[in-house]
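Enquirer: Residue-level listing of the chains:
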Amino acid sequence: MRGVEELRAGIEDIALVDHHVHGVVPGKLDRAGFESLLTESDRPIPGWMTQFDSPLGFALRRWCAPVLGLRPHATPEEYLAARVSLGAEEVTWRLLAASGAGRFLVDTGLGGGLAELAEASGKPVHEVVRLESVLEDVGRSGVSAADLPARFQEELARRTASAVGLKSIVAYRFGFDFDPRPPERAEVVEAAGTWLGEGAPRVSDPVLLRFALWAGVERGLPLQLHAGFGDPDLDLHRCDPLLLTGFLREVEPRGVDVLLLHCYPFHRHAAYLAQVLPHVHFDVGLALTHTGARSTAVLAESLELAPFAKTLYSSDAWGLPELHHLGARLWRRGMAEVLSGHVESGDWALDDALRVARMIGRDNAERVYGLESP
Amino acid sequence: MRGVEELRAGIEDIALVDHHVHGVVPGKLDRAGFESLLTESDRPIPGWMTQFDSPLGFALRRWCAPVLGLRPHATPEEYLAARVSLGAEEVTWRLLAASGAGRFLVDTGLGGGLAELAEASGKPVHEVVRLESVLEDVGRSGVSAADLPARFQEELARRTASAVGLKSIVAYRFGFDFDPRPPERAEVVEAAGTWLGEGAPRVSDPVLLRFALWAGVERGLPLQLHAGFGDPDLDLHRCDPLLLTGFLREVEPRGVDVLLLHCYPFHRHAAYLAQVLPHVHFDVGLALTHTGARSTAVLAESLELAPFAKTLYSSDAWGLPELHHLGARLWRRGMAEVLSGHVESGDWALDDALRVARMIGRDNAERVYGLESP
Amino acid sequence: MRGVEELRAGIEDIALVDHHVHGVVPGKLDRAGFESLLTESDRPIPGWMTQFDSPLGFALRRWCAPVLGLRPHATPEEYLAARVSLGAEEVTWRLLAASGAGRFLVDTGLGGGLAELAEASGKPVHEVVRLESVLEDVGRSGVSAADLPARFQEELARRTASAVGLKSIVAYRFGFDFDPRPPERAEVVEAAGTWLGEGAPRVSDPVLLRFALWAGVERGLPLQLHAGFGDPDLDLHRCDPLLLTGFLREVEPRGVDVLLLHCYPFHRHAAYLAQVLPHVHFDVGLALTHTGARSTAVLAESLELAPFAKTLYSSDAWGLPELHHLGARLWRRGMAEVLSGHVESGDWALDDALRVARMIGRDNAERVYGLESP
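Protein chains in written order, with this note's numbering: chain A, 49 to 422; chain B, 49 to 422; chain C, 49 to 422.
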């Protein structure tokens with residue numbers, strides 16, 4: 049029978065391109081370590097609460113427990129015991145396989161993950177290089193301030209030889225309220241001098257961050273920008289993607305695609321930018337995982353304003369394969385709910401709905417990153 | 049039978065006052081020209097996408113195709129062929145008639161539209177005069193800087209002799225983060241000198257924009273302000289209506305009604321202002337058309353905080369009669385869905401629901417603009 | 049039968065801790081006086097509208113009318129007549145009793161309310177002391193500028209001897225964009241001198257407001273902050289709780305819990321802060337009452353990002369016992385709708401849903417404020 053069941057089945061079958069993801073933390077985790085990976089908070093979890101009591105924690109018990117052979121809503125204790133009993137490798141394999149992801153674009157800026165994710169999933173992986181990580185590596189290499197600009201460009205070229213994209217975390221290191229234009233060379237050298245004199249700690253100087261961003265734009269690969277919510281290092285109100293408007297206008301003539309990641313709770317703002325600026329794309333990435341049962345509502349909001357060619361899928365999973373699984377699971381469920389609603393109300397045609405799901409889940413990423421269709 | 053069917057029928061029957069709308073582009077449009085009117089972007093549409101693949105594009109195929117004698121969800125090619133085959137005049141007539149709009153308040157700042165819309169629809173039209181257009185006309189008339197203030201006021205009086213309202217696009221030309229008080233005459237003359245010396249291009253000087261706004265307030269007609277999303281000329285984060293709070297407080301004692309248009313994604317902010325300030329009204333205008341299948345959710349959010357006497361209907365349609373049609377179609381559908389939900393849950397009484405729909409769709413605009421009931 | 053009916057019944061039975069509430073205005077109210085308490089606006093209600101025609105007005109007719117022995121959706125005239133006929137005392141008793149609130153934490157900064165609410169409800173009450181009220185009382189006591197800091201701390205200690213929390217309305221008096229650090233003593237004395245010289249009017253100097261806030265932090269009680277929408281004294285865009293990020297980081301090491309009240313339309317921002325900062329909690333308080341039939345949607349959004357241990361219930365009711373009733377009624381209805389939806393979709397287990405409702409409605413407040421379980 050043709051109908052929404054076909055749509056649901058079709059969405060289940062999409063070999064998702066997870067266009068922004070990280071690796072899995074190897075080895076055993078105790079409960080505190082496990083819970084610390086269920087939140088964007090980097091603070092110790094207070095004794096009077098557990099991260100299992102959260103939208104993400106409930107989603108994990110609902111959707112991941114069956115993958116480990118447990119009933120849905122197994123207790124945290126049962127879940128963690130099953131994890132130990134099966135072993136990290138088996139758990140990771142099961143959760144990645146059940147996610148149905150077809151390939152991964154891995155931000156290696158948190159250290160490694162590329163080969164490990166390829167091996168753990170058996171799927172193609174592609175590298176996304178984090179600009180700030182490259183800059184910090186160059187800063188610690190003994191370079192002089194005067195040589196830093198050229199050395200960064202050389203190192204970026206070398207590190208991205210086989211990469212498909214670039215990533216910036218300027219949201220974390222400064223915010224989006226920076227001068228949108230490329231800095232002058234003299235400014236960069238001066239800022240580099242100060243920074244190198246301090247021993248090249250985490251880079252947070254806006255001149256250096258802008259230098260790295262613009263060197264990334266010159267490199268010409270699609271540029272991912274963390275936007276919206278993340279750990280408490282960032283000031284969320286300074287990570288509203290609308291604050292990037294000036295920068296995006298400056299980048300537009302360079303012919304580089306920009307991909308705004310997560311964006312919550314500013315996803316409607318990102319969708320606006322994706323409507324009006326041809327090179328801007330976005331996803332709700334991490335927001336689906338963290339909002340659990342409410343992720344369908346968030347996804348629906350992300351489908352309000354942008355042309356369907358401008359929205360992508362990512363999990364932004366890091367550390368726990370549960371997050372890789374939940375990103376995909378909640379995206380599929382959400383798309384099935386929202387689009388079958390549109391089909392049942394008569395707003396959308398069935399074929400269009402399935403086509404849009406494939407665009408967002410796979411095709412748009414293949415186009416933006418120049419991936420070969422498998 | 050009395051029930052939600054009666055409510056739905058009653059909402060269908062409202063002769064909507066479209067309190068902010070533009071004219072229809074005359075003559076033939078090729079596909080590129082047609083698609084360019086389906087987005088707020090003013091950029092060429094990239095070759096790898098079509099604006100038909102958007103919430104608005106899908107809504108157009110769903111709701112306008114049957115008006116042209118096609119099945120719902122006809123392909124873009126079928127739709128455009130039917131448009132050619134029927135001819136622009138017939139298409140316009142059909143779409144306007146099927147919208148059920150009872151009268152139009154036309155912002156003539158994009159050039160004309162008033163007589164054409166009256167003729168194409170057979171309905172009463174009323175003019176809304178755009179302040180910045182009048183100012184730019186005066187600026188190009190050979191006026192001196194010293195004479196500009198008086199000449200603008202004279203020209204505004206002349207141009208608004210039979211108008212029902214004023215419109216400002218200060219959102220596009222500067223943003224809402226301007227000094228809320230009226231400028232001093234000396235400042236205005238000085239800014240006018242600079243502007244006239246440049247040949248009076250599009251006005252973007254905040255002193256001149258404030259001068260036009262305050263002259264508009266003195267004129268005493270209801271004042272419409274574009275707010276929220278629009279084309280990429282604007283910086284969306286500077287068009288949050290909350291940034292107008294100071295200006296609205298200054299206007300309040302003048303006894304002039306202010307109408308915030310569109311407001312998305314800041315429509316909850318606009319509804320707040322409409323609750324606490326007696327002269328502030330708002331609509332979600334263009335946002336319904338652009339969000340398509342999701343417009344009901346946006347409309348529901350617009351009904352959260354404001355007294356029902358403070359919300360209005362507009363399409364902000366420009367260029368394509370499809371947009372005039374969709375504005376009305378999606379408003380009626382959305383109101384029927386949201387209000388019948390409230391009736392079915394027992395939250396609202398049926399009579400109240402129909403009364404509120406008529407207030408928002410017609411009565412509030414008649415009151416604010418002093419329109420005679422037909 | 050175990051199922052969502054059990055969940056609904058369980059939510060009805062929660063003896064809510066209303067952790068931020070005010071007293072009831074005693075005596076008779078005419079219609080204008082009654083309507084003025086149905087809005088955050090402090091302006092006279094225009095003759096062409098009534099506050100009964102609002103989401104709150106409709107909710108009042110729906111939910112409060114039956115408590116007064118009327119049919120749901122009784123007219124405003126019928127409702128007000130029943131109020132007169134029953135008498136203020138009986139009306140207050142009925143509405144408070146039917147709310148099912150188990151105890152009240154009363155912000156006495158609007159003057160009194162504590163004993164009255166205890167008597168009118170027959171339930172335990174606890175005091176929350178408003179910092180700015182204490183400061184203004186000290187300012188009017190004849191204190192010198194040099195003595196003001198110490199005198200304020202003494203008076204605060206005295207006034208809070210049996211209080212369970214503190215409240216700040218810095219949102220109203222300045223906004224959240226203040227210097228997050230404690231002011232220097234010399235600055236405080238200087239600002240106090242200016243303020244006392246003016247006769248100690250409503251305090252709005254940011255140095256004095258910061259002084260009061262930090263003295264409150266030193267006092268060590270849980271600190272409530274009005275956030276988001278309120279009366280037009282405030283600039284809503286300066287009351288986004290994200291603007292408190294720096295202040296919250298400064299407070300974190302002091303071990304004081306912070307409670308962000310209302311937060312609408314920035315409740316997703318507040319939930320983010322509650323996820324990443326261990327001491328931050330929030331509610332949607334007043335927003336439920338004012339959004340009426342839409343309150344369930346607002347409540348659902350508040351459950352997206354925060355761990356369930358970080359969300360609380362309050363009514364922020366002031367003046368009318370109808371508001372005490374509606375806060376509780378709409379919270380119970382909303383929680384029942386949202387959580388039974390999650391149970392029916394399989395996302396949440398039934399036991400978890402009931403446990404979360406009890407946490408938010410009662411247990412979290414008991415923990416934060418150190419209340420004895422009854």
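Because the hints were derived from the structure by calculation, they are not lab data. Treat the hints with caution; some may be incorrect.
[To be verified] Quick partial rundown of chain A residues pointing at chain C, CB under 7 Å, derived from the structure: (1) R91; (2) R110; (3) H121.
[Said to hold, decoys possible] DEER-style ranges, computed between Cβ atoms: (4) A:E126 <-> C:G418: 55 to 61 Å; (5) B:A194 <-> A:E238: 46 to 52 Å; (6) A:R119 <-> C:P301: 39 to 45 Å; (7) C:P114 <-> B:E232: 57 to 63 Å; (8) B:E420 <-> C:G51: 54 to 60 Å.
From the three backbone atoms N, C-alpha and C, an ideal C-beta is built for every residue, glycine too.
Enquirer: Could you tell me which of the numbered hints above are not met by this structure, giving the numbers in increasing order?
Expert: Violated hint (a single one): 4; every other hint is consistent with the structure.
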